[in-house]
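There are 2 protein chains.
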Amino acid sequence: MTPEALTPERILEATEDVLRRYGPAKATVVDVARALGVSHGSVYRHFRTKAALREAVTSRWLERSVVELAKITNGHEHPAPVKLRSWLTTLFEAKRHKAGDDPELFATYGVLIEENSGVVEEHIRELVEQVREIIEEGVLARQFAPAEPGSAAQAVFDATSRFHDPAYAPQWQKPSIDDEFAAVLDLLLRGLSA
Amino acid sequence: MTPEALTPERILEATEDVLRRYGPAKATVVDVARALGVSHGSVYRHFRTKAALREAVTSRWLERSVVELAKITNGHEHPAPVKLRSWLTTLFEAKRHKAGDDPELFATYGVLIEENSGVVEEHIRELVEQVREIIEEGVLARQFAPAEPGSAAQAVFDATSRFHDPAYAPQWQKPSIDDEFAAVLDLLLRGLSA
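Protein sequence lines, in the order shown, are assigned to chains A and B. What the first sequence shows, in UniProt numbering, is residues 1 to 194, in sequence order. What the second sequence shows, in UniProt numbering, is residues 1 to 194, in sequence order.
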């Protein structure tokens, strides 16, 4: 690859491949450069340190679900209660797929997430902010009546941890999980309703 | 100690001390017998295997909080919504104290809990059953109106995982946790209310 063709996105794609192949403990910037057919100096021109590269690839992974969720948050087809239910279901499905379809990559990102707790906190802030927007929309439409939309949004996110926190991934394949998720959703939507 | 004075409870107390001192990887039945001044045969007369002893000590540890909670469940002083709030707050406080006051013992039981998942499942069933009793009491008094008390009880327990699941223990000391817990409680109680 010529240095001109080398974009941050290409580097991040290659980094994910390298992480998948060698695992987070062994993967190096030299491996990433080799996979791209460039010098490691070319990689460092885009990401100044190995830590910066690992942080960027973690952030990219987390952001993938945010984009999908933002479409629901910004949609105009459904009332807020339907949107919130769909948003939480989509979040759970996205996490469950990530964990189930490619468990090795999921475990790899589990390690990276431990290293980059600031990135994770920012990611969670963005998600809670989307929930707050949906709740405020519901308040305007007199469908929701929480004490305070911001803390209600945090509460909805916290109360559904079992269905999006990677610590619970081993439970996401058990047969009763969908009923349990539906019961929590019903209770929360009832708790928000006007 | 004479064999006559050797009760299961004395053995379990000594086992907890030994686990605390040597850690779960190194503690043996011989250590427990030595701490009690009896032969290991005397210990095996009460607990037939090392695994049975470890299971019993785990169960005893988990049961300690159940007794306190059962007092709330069976009390007659307060209406169901007050009871449920008090029950969940007591559970959170009990877990937070166990984690904060004696972190080594908490970590030790974390290992034992992994080994004895059947005991933990039974413990959780007992707790959810208590929540169901409180909810049914509230339904009779027309304070609560869930779709179905059993699945609502499970949902309340699941939705408060962040405040009783040991996986979240590192977060229980952060300053915002009490407000977050209060916001989840408010939402759930509103969701249950008639």
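Since the hints were made in silico from the structure, they are not lab data. It is possible that part of the hints are untrue.
Stated by the list, open to error - A few chain B residues facing chain A, derived, Cβ under 7 Å: (1) Arg162; (2) His164; (3) Pro170; (4) Gln171; (5) Pro175; (6) Asp178; (7) Glu180; (8) Val184; (9) Leu187; (10) Arg190; (11) Gly191; (12) Ala194.
Backbone N, C-alpha and C define an ideal beta-carbon position, used for all residues, glycine too.
### Query
Does the structure break any of the earlier hints, and which numbers would those be?
Hints 2, 3, 4, 5, 6 and 12 not satisfied by this model.
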